[in-house]
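Protein chains in written order, with our numbering: chain X, 36 to 171; chain Y, 36 to 171; chain Z, 36 to 171; chain E, 36 to 171.
Think of the hints as simulated: they come from the structure by calculation, not from any bench. All residues carry an ideal CB built from backbone N, CA and C; glycine is no exception. Incorrect hints may have been included.
To be verified - So the derived list for chain Y, only partly shown, Cβ under 8 Å to chain X, looks like this:
(1) 56
(2) 89
(3) 92
(4) 104
(5) 139
(6) 141
(7) 142
(8) 160
(9) 163
(10) 165
What the hints assert, rightly or not - With a straight-line Cα cutoff of 25 Å, these simulated SDA-like cross-link-like pairs (lysine to any residue) come out:
(11) Z/61 / Z/140
(12) Z/61 / E/164
(13) E/61 / Z/162
Number of protein chains: 4
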Amino acid sequence: MSEQNLGVASATSSQSASDIATLQAKILAFAAEREWQQFHDPKNLAMAVAVEAGELMDHFRWVRSEEARRVLDDARTRTEVEEEAADVAILLFEFAAVCGIDLGAAIERKLARNAERYPVALAKGRAVKHDRLREG
Amino acid sequence: MSEQNLGVASATSSQSASDIATLQAKILAFAAEREWQQFHDPKNLAMAVAVEAGELMDHFRWVRSEEARRVLDDARTRTEVEEEAADVAILLFEFAAVCGIDLGAAIERKLARNAERYPVALAKGRAVKHDRLREG
Amino acid sequence: MSEQNLGVASATSSQSASDIATLQAKILAFAAEREWQQFHDPKNLAMAVAVEAGELMDHFRWVRSEEARRVLDDARTRTEVEEEAADVAILLFEFAAVCGIDLGAAIERKLARNAERYPVALAKGRAVKHDRLREG
Amino acid sequence: MSEQNLGVASATSSQSASDIATLQAKILAFAAEREWQQFHDPKNLAMAVAVEAGELMDHFRWVRSEEARRVLDDARTRTEVEEEAADVAILLFEFAAVCGIDLGAAIERKLARNAERYPVALAKGRAVKHDRLREG
Chain X
36 MSEQNLGVAS
46 ATSSQSASDI
56 ATLQAKILAF
66 AAEREWQQFH
76 DPKNLAMAVA
86 VEAGELMDHF
96 RWVRSEEARR
106 VLDDARTRTE
116 VEEEAADVAI
126 LLFEFAAVCG
136 IDLGAAIERK
146 LARNAERYPV
156 ALAKGRAVKH
166 DRLREG
Chain Y
36 MSEQNLGVAS
46 ATSSQSASDI
56 ATLQAKILAF
66 AAEREWQQFH
76 DPKNLAMAVA
86 VEAGELMDHF
96 RWVRSEEARR
106 VLDDARTRTE
116 VEEEAADVAI
126 LLFEFAAVCG
136 IDLGAAIERK
146 LARNAERYPV
156 ALAKGRAVKH
166 DRLREG
Chain Z
36 MSEQNLGVAS
46 ATSSQSASDI
56 ATLQAKILAF
66 AAEREWQQFH
76 DPKNLAMAVA
86 VEAGELMDHF
96 RWVRSEEARR
106 VLDDARTRTE
116 VEEEAADVAI
126 LLFEFAAVCG
136 IDLGAAIERK
146 LARNAERYPV
156 ALAKGRAVKH
166 DRLREG
Chain E
36 MSEQNLGVAS
46 ATSSQSASDI
56 ATLQAKILAF
66 AAEREWQQFH
76 DPKNLAMAVA
86 VEAGELMDHF
96 RWVRSEEARR
106 VLDDARTRTE
116 VEEEAADVAI
126 LLFEFAAVCG
136 IDLGAAIERK
146 LARNAERYPV
156 ALAKGRAVKH
166 DRLREG
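Could you put the whole structure together from the sequences, leaning on the hints where they help?
Written as structure tokens, this is what we have:
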């Protein structure tokens, strides 16, 4: 996503598709209209997030890392990947809503924690888990 | 999430934690500062989303559906679940940004498609996949 | 699986379908014939195991725990679940073979370790992770 | 796994660690001793398989495909990967047993079906899903 795209998106109002809480309200209404709340407990929603994450990943399973970006050059595959990414987001947003988790705030807290765990000086250019970052 | 919570969140400005594009800009900056873009191709990010989705689900694996909500009554577990939900979101948001997917728009499109696939009259109170919804 | 089924299966020779190494030889031959070894590195195989595990789980996502056994009463669903379970096994067996892991021995070692982590006296009737088993 | 390793393993008797049914009997006894059958319904076991598959995959998430084999050169990582592979197998074997699925037979059937879906002439050297294999 280019800087420009990010700029355009963040310039939109809180009613836009980019606002988590606005999207959550739509997702919850969709489930409520169909009386699906009875199925959508935290356990089942967490399962559903993982199922959809598996489907998203499926598009990349045999591709070499360096060719992974080219997977999206195929229009049909791009549409499928977009739909799978949307599915993960829809269920994750509903999970957070049902659990009473403020997802945006949780993300901010986790980024702050990651900044402590992965100081730039230590983590730069290294894909090493935090618990091994300070070894050797 | 109560109506009230949703109201408070959606009333905040586009600079708030609830805006996907704003969060994506922070996530991309975090990765760029650590020169992690080399690892964060679509394949690896899709894998990472699925790994974190598994960790989120782990908290619910032996719990009965009807007790799943109570899992979050334990403060330590709630914090862990919030962190895992944040991890899934962070990686999914980065995946979308790296792939040039407008996640909010993709969600809106998928909800519209789901509305066609699951008409209220047919889907009410039934957890049946769309391809079997019109059978028997 | 009844005791009887287990008995019948374990009475068969090492050439039977129940022997992991025999199955691995067939799986490796299948991949080699199609020159798929180039795609089947440990990373891609681990991804594939997780994708198939997601598809297996998909059949149970909205079902209540106590109704989960009844899912398999439907003949079509049973066949699909069997195929998904087979897919997970095929890819896991290939993963182990490609990594040089003796899966049977690894299972035996893990069961021995679990026996230490989950002593009967402490773990009986409790679905609690080992690191919390000794708390309060 | 070298041909030699496979040979050694398949030469062992049906009582060896390489026999699925023998391993299933041990796994079921382990769960029964702890009165865990109440938690181990098909839904929860399918979830658990997917959680463990995610943990297995976690070891490879930032690694380039061509370096994936080298991950196992590190002794500590190899042990961890072996344990995760064992966890997936243990839960998958228990899942099959609880569902009354003969896993070995299911694998043989799936391999036969895959042989039809992926004829050598069409599939050689190509990592393309069967439903797209006959296109263009």
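Q: Mind listing which of the numbered hints don't hold for this structure, in increasing order?
A: When the structure is compared with the hints, numbers 9, 10 turn out to be violated.
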